[in-house]
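Student: Given the sequences, and given the hints that come with them, work out the whole structure.
Taken in sequence, the protein lines are chains A and B. When we follow this note's numbering, the leftmost residue of the first sequence carries the number 1, and every step to the right adds one. When we follow this note's numbering, the leftmost residue of the second sequence carries the number 82, and every step to the right adds one.
Since no wrong hints were added, every one of them can be taken at face value.
To be clear about the criterion: a stretch of chain B counts as covered by chain A if any three or more of its residues have a C-beta under 8 Å from a C-beta of chain A, and this derived list gives those stretches:
(1) 116-128
(2) 145-158
Label pairs and their computed distance ranges (CB to CB):
(3) VAL151/B / GLN51/A: 35 to 43 Å
(4) GLU77/A / ALA140/B: 17 to 25 Å
(5) VAL70/A / ALA105/B: 17 to 25 Å
FYI, nobody ran anything at the bench for these hints, they're computed from the structure. Every value quoted in this text rests on a predicted model; they were computed, and no experiment measured them. Glycine included, every Cβ here is placed at the ideal spot set by N, Cα and C.
Each chain, letter by letter, is given below.
Protein chains: 2
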Amino acid sequence: MKARVTVMLKSGVLDPQGKAIGQALNRLGFSGVADVRQGKIIEIEFAETDQTQARSQLAEMCEKLLANTVIENYAIEIKSS
Amino acid sequence: MKARVTVMLKSGVLDPQGKAIGQALNRLGFSGVADVRQGKIIEIEFAETDQTQARSQLAEMCEKLLANTVIENYAIEIKSS
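Tutor: Structure follows, in C-alpha cells:
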C-alpha cells in the first residue's frame with residue numbers, strides 16, 4: 001500500500017522558510033505573491049493491505065516520528081494498494 | 082488564489098532523507114515499511130485570479146526557484162480562489 005503524509009506548520013506558527021521563499025519570489029518579479037508556507041511530504045510504501053489498519057499505523061508514525069504535533073499538523077492520504 | 086506546489090525527487094534519484102526516515106520507522110517497530118521518499122510542499126497565496134494565468138505563473142516559479150528540475154519533479158494544484 002502506498003500512502004502520502006503531508007506535514008504543515010500550524011497556522012499561526014511562524015514559518016521563516018516560507019517567508020524566505022515568498023521574498024525570493026518577489027525579488028524574481030512575481031509581485032502578486034502574498035503568503036507562502038512550506039511543508040513536507042512523506043511518501044511511504046508499506047506492507048499493510050487493510051485500509052483502516054494502515055491509517056492507524058500511519059497516524060502512529062506521524063505522532064511518533066514524522067510530525068512535531070506541538071507546532072505541526074499532518075494529513076494522511078492513502079493511495080491505491 | 083491559493084495554490085499548492087509539490088516537489089519530489091525524480092524516481093531513480095537517491096533520497097537519503099527518505100531512507101533515513103524509513104530506517105527510523107523500522108527501528109521504531111514499523112517493520113512493514115518498504116520505501117520512503119521525502120518531498121516538499123509549498124503553499125502559495127497570490128493575487129492572480131485567472132486559472133490559466135495562475136498555472137503558467139506557478140510553472141515559471143517552479144522552473145526558476147521552487148524546484149531543481151534536473152533532479153526534481155513538480156506538480157501544481159490550484160485550490161479555490
